[in-house]
Amino acid sequence: MIFAMTHELSHQLDTVLQGVLDRSEAKAIYLSDKGGNIIAQRSESHYANEENMSALAAGSFFATQELARLIGEGGFHCVFHQGGNSSVYMQSLENEMLMLVVFNKESNPGLVRLYSTEAGSTLERLLKDEDQSNQGMPALGMEFTIDATAQPFRHKS
Amino acid sequence: MAFINFARREIAFKIVYYGPALCGKTTNLEQIHMAIDPTTRGELTMLSTQQDRTLFFDFLPLKSDVIKGFISKFQLYTVPGQNIYNETRKLVLRNVDGIVFVGDSQFDKMEENLESFSNLETNLQMQNDTLADLPYLLQFNKRDLPSVAPAHYMDFLLNNKDVRMPVVEAVATEGVGVFETLNIMSKMVMAHFMKQNNLSSNDVPDEVCVSSER
Chain A
1 MIFAMTHELS
11 HQLDTVLQGV
21 LDRSEAKAIY
31 LSDKGGNIIA
41 QRSESHYANE
51 ENMSALAAGS
61 FFATQELARL
71 IGEGGFHCVF
81 HQGGNSSVYM
91 QSLENEMLML
101 VVFNKESNPG
111 LVRLYSTEAG
121 STLERLLKDE
131 DQSNQGMPAL
141 GMEFTIDATA
151 QPFRHKS
Chain B
1001 MAFINFARRE
1011 IAFKIVYYGP
1021 ALCGKTTNLE
1031 QIHMAIDPTT
1041 RGELTMLSTQ
1051 QDRTLFFDFL
1061 PLKSDVIKGF
1071 ISKFQLYTVP
1081 GQNIYNETRK
1091 LVLRNVDGIV
1101 FVGDSQFDKM
1111 EENLESFSNL
1121 ETNLQMQNDT
1131 LADLPYLLQF
1141 NKRDLPSVAP
1151 AHYMDFLLNN
1161 KDVRMPVVEA
1171 VATEGVGVFE
1181 TLNIMSKMVM
1191 AHFMKQNNLS
1201 SNDVPDEVCV
1211 SSER
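So the sequence lines, in the order shown, correspond to chains A and B.
Numbered according to our numbering, the first sequence spans residues 1 to 157.
Numbered according to our numbering, the second sequence spans residues 1001 to 1214.
Okay, derived cross-link-like pairs now, BS3-like style, lysine-lysine, Cα gap no bigger than 27 Å in a straight line:
| # | chain 1 | residue 1 | chain 2 | residue 2 |
| --- | --- | --- | --- | --- |
| 1 | B | LYS1063 | A | LYS27 |
| 2 | B | LYS1195 | A | LYS34 |
| 3 | B | LYS1195 | B | LYS1161 |
| 4 | B | LYS1195 | B | LYS1090 |
| 5 | B | LYS1195 | A | LYS128 |
| 6 | A | LYS156 | B | LYS1063 |
| 7 | A | LYS27 | A | LYS105 |
| 8 | A | LYS128 | A | LYS34 |
| 9 | A | LYS128 | B | LYS1090 |
| 10 | A | LYS34 | B | LYS1090 |
| 11 | B | LYS1063 | A | LYS34 |
| 12 | B | LYS1161 | B | LYS1090 |
| 13 | B | LYS1068 | B | LYS1195 |
| 14 | B | LYS1068 | A | LYS156 |
| 15 | B | LYS1063 | B | LYS1195 |
| 16 | B | LYS1090 | B | LYS1063 |
Hints in this document: simulated from the structure, not taken from any laboratory.
Bound conformation, chain A alone (with noise of 0.2 Å):
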């Protein structure tokens, strides 16, 4: 199985990521799979280690989801970590794909949520067109080549 990402669709969830940072007034938005991937974020800060961020999110998000069966819910639909400068909001949609929101004091959480809710039923339609729509690799007529000569990592020098 594979999530194969188009130019267009990258695209459309950009703009609706862009969106939601704008109106809201986040720091950094990301989309990622349960396994962790980004696969679509807008930020106006840099954060150095976005990947690492993301399989934390990922990682800590569906871990509570047990939770949420533990006390009778099927699963929890956001997270909220509050900090003293920054903090995180998550939200799950569905294919069980994740959007973190980063924002800091000059937003608010109930901006966040507000904006974050209004994009997630729009993401959910763009990936389950791109589902629907998407044959496989090959209809995409890719071709890929390993380098065989090459070890893909190496010590350094």
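Got chain A; can you put chain B on it based on the hints?
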């Protein structure tokens, strides 16, 4: 599930280091983080208890240019070895593209190795995966210790299937076998990706495409 982003020319794979408690999964990632070209790695995130036991997972993102025209991203995860964290292991296994099973070579750890391997199979079944459909290899770690089981004995215990998977003998604390494991696993994952999606794979070395039959 591999993830490919045509807009960014990126392909992402997830590799999980699995095995019993204290077998050296985290040590593998630490050695890679320490010894690899810094331009090809991100930060190593470790979620450990005060006793340095993995609580949630360890995570190390790597990138390579081995697929021409694309940045290949490999996300390395470990699972917690302690049994009480089995739910966490299931979470980490989601969307996995390849598994490194790290076995502890000490004789008195064989039962734990078998338990962990069986637990891996069970957890994969629960997400409708199976080892028969996933690239994986076995790393026999701690080969420097005095009371180790012969490699062929461990091979008999853990690799006694219709299709024999690659084995790497390692001393992870000294970095021995760590890069070999990583490179073989990475190539296996890419070869699987190519094969699964009927893509060009003529340049993939044979030894990482198909495991030798017993």
